[in-house]
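Protein chains in written order, with the UniProt record's numbering: chain A, 1 to 212; chain B, 1 to 319.
One or more hints might be untrue.
[As the list claims (entries may be wrong)] Beta-carbon label-pair distances, calculated as ranges:
no.	chain 1	residue 1	chain 2	residue 2	range
1	A	C102	B	D290	51 to 61 angstroms
2	A	L8	B	R38	19 to 29 angstroms
3	A	Y28	B	A55	14 to 24 angstroms
4	B	R38	A	G5	23 to 33 angstroms
5	A	E168	B	Q36	52 to 62 angstroms
6	A	E34	B	P285	53 to 63 angstroms
7	B	R38	A	R138	36 to 46 angstroms
8	B	A55	A	L8	28 to 38 angstroms
9	A	R38	B	R294	26 to 36 angstroms
10	A	E34	B	E178	19 to 29 angstroms
11	B	A12	A	Y28	38 to 48 angstroms
Quick caveat, the hints were computed from the structure, so don't treat them as lab data.
Owing to the predicted nature of the structure, the values given are computational and were not obtained by experimental measurement.
The beta carbon of each residue, even a glycine, is placed where N, CA and C say it ideally should be.
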Amino acid sequence: MAVPGSGLAKGLAVTLRTMTRRSVTAHYPDVRPELPARSRGVIGLFEENCTVCMLCARECPDWCIYIDSHKETVPPAAPGGRERSRNVLDRFAIDFSLCMYCGICIEVCPFDALFWSPEFEYAETDIRDLVHERDRLREWMWTVPAPPPLDPAAEEPKEIAAARKAAEKQLAAGARSREAGQQEAGQQEAGRHGTGQHEAGQPGTPQRDGDA
Amino acid sequence: MDVLDVAWRLLAVLLAFLVLPLVVGQAEHKVMAHMQGRVGPMYAGGFHGWAQLVADGVKFAQKEDVVPADADRRVFQLAPAVALIPYLLVLIAIPVGPDGMVGQAIDAGIFFVLAVMGVGVLGSLMGGWASANKFSLLGGLRTAAQLMAYELPLLLAAASVAMAAGTLSLPGILEAFEWWWVPWQIIGALVFFTAGLAELQRPPFDAPIADSEIIFGAYTEYTGLRFALFLLAEYAGIVVLCALTTVLFLGGWHGPFAADLGWLWTLLKTSVLAFVVIWLRVSYPRLREDQLQRLAWTVLVPLALFQIALTGVVKVVIQ
Chain A
1 MAVPGSGLAK GLAVTLRTMT RRSVTAHYPD VRPELPARSR GVIGLFEENC TVCMLCAREC
61 PDWCIYIDSH KETVPPAAPG GRERSRNVLD RFAIDFSLCM YCGICIEVCP FDALFWSPEF
121 EYAETDIRDL VHERDRLREW MWTVPAPPPL DPAAEEPKEI AAARKAAEKQ LAAGARSREA
181 GQQEAGQQEA GRHGTGQHEA GQPGTPQRDG DA
Chain B
1 MDVLDVAWRL LAVLLAFLVL PLVVGQAEHK VMAHMQGRVG PMYAGGFHGW AQLVADGVKF
61 AQKEDVVPAD ADRRVFQLAP AVALIPYLLV LIAIPVGPDG MVGQAIDAGI FFVLAVMGVG
121 VLGSLMGGWA SANKFSLLGG LRTAAQLMAY ELPLLLAAAS VAMAAGTLSL PGILEAFEWW
181 WVPWQIIGAL VFFTAGLAEL QRPPFDAPIA DSEIIFGAYT EYTGLRFALF LLAEYAGIVV
241 LCALTTVLFL GGWHGPFAAD LGWLWTLLKT SVLAFVVIWL RVSYPRLRED QLQRLAWTVL
301 VPLALFQIAL TGVVKVVIQ
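Just need the whole structure built from these sequences, with the hints factored in.
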């Protein structure tokens, strides 16, 4: 059995120890918070990439994206070609009083025109001012950070994997055509190279499965 | 003792009365915050929120002075003064340093101090009864029950010191003080301090004002300056209790260089005790009403009686 009163002493010790430690208060207006990577502060529009496909506006769960556009015809690129029609963006607005920051619009955009920015200080005294028009959304783009580096054991991004595979294939083809005499040796070399990388990639995969 | 001397002493006591409770209050803000991993007030006054209580005072002064329609008007309005003024009077009798550094040396000092401190609790009783509010009434009744229970161990513990010193005068007790009185009277000191905390209705003995159950008890109906006076009375009470414990049990001005720096020793010991008061508030949950009574009657009173017996035996032996 514990000594009578040891609980009381323990309580005093806890509060005293907490007092000697640094407080956990975030001094927000004086000190900017250190936001984690991929913080969802505001949505920026890179309108040069936008093709007015309307996917974002349609996928938005609370319909807070407003898009207006018109079609323009562009003259044929080569003489004798066909005229093309092109969508021109007239209005792109996000109503942040409705937005629930789900990020579906950013996920769904096939042309990388929407991005998360960590900026969050855009409170307004009038709720109508929370509708950010395209110029304001474009301004947020300057605050979009570079994507954070991948985790050490992360899977290779699909784009890079595809590019690497294409480059290897090209390399192998080049080697095959150049060293026609030593064809078998060259193929074995490429094959061993491939297996080696496969083995290097493998430790990451089961580990991630284990975590899940 | 001429008029000018009296005026100076009263002015000094008044100044201490106005400043020290605010210092304790600010310390409570900050200490409590840091014990909870926060920083407390940071803006008022510029440097770490030092003027927070001044700002609070300005806010309280601006509020409307409301008296409930069914309240007993005179008693209701008088209660905060009754709660606050006794502590000012007690402060006059507390010796700060050697050679007459005291507002007014009173022969029966302990009697005077404890009697007048008891009056302070009447303010809560008056407020509780006069507010015509069930929460206030509950708070007032709890205050009364607490007063009954804790006044006795408080008096017994103080009596033990008076026995040891052979005098009721506070400066007289300090002049008779020896360092070994501290371990000799340690039980009495703990009883006195605990009972004093309960008398002040400080956490963990704050069942009478428990804001989460009976909405500040006797103070439910108070706003503005009158409420501020009640709060001030609480902090003045802390100052007085800590100063009294210092004088009775911790040797007041005694310490190295007591002749020159005696007052500093008193102040230092008082501040350490005030810190303990705040510390206890942060660390412990509120005692239930029945636990309060049980602690007083089955623990503090026997302990105080034991201390008196011990004091008596030792006193006889050393003579």
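How the hints compare with the structure:
no., hint, verdict
1, A:C102 <-> B:D290: 51 to 61 angstroms, "holds (53 angstroms)"
2, A:L8 <-> B:R38: 19 to 29 angstroms, "holds (23 angstroms)"
3, A:Y28 <-> B:A55: 14 to 24 angstroms, "holds (21 angstroms)"
4, B:R38 <-> A:G5: 23 to 33 angstroms, "holds (28 angstroms)"
5, A:E168 <-> B:Q36: 52 to 62 angstroms, "holds (59 angstroms)"
6, A:E34 <-> B:P285: 53 to 63 angstroms, "violated (35 angstroms)"
7, B:R38 <-> A:R138: 36 to 46 angstroms, "holds (40 angstroms)"
8, B:A55 <-> A:L8: 28 to 38 angstroms, "holds (35 angstroms)"
9, A:R38 <-> B:R294: 26 to 36 angstroms, "violated (57 angstroms)"
10, A:E34 <-> B:E178: 19 to 29 angstroms, "violated (58 angstroms)"
11, B:A12 <-> A:Y28: 38 to 48 angstroms, "holds (44 angstroms)"
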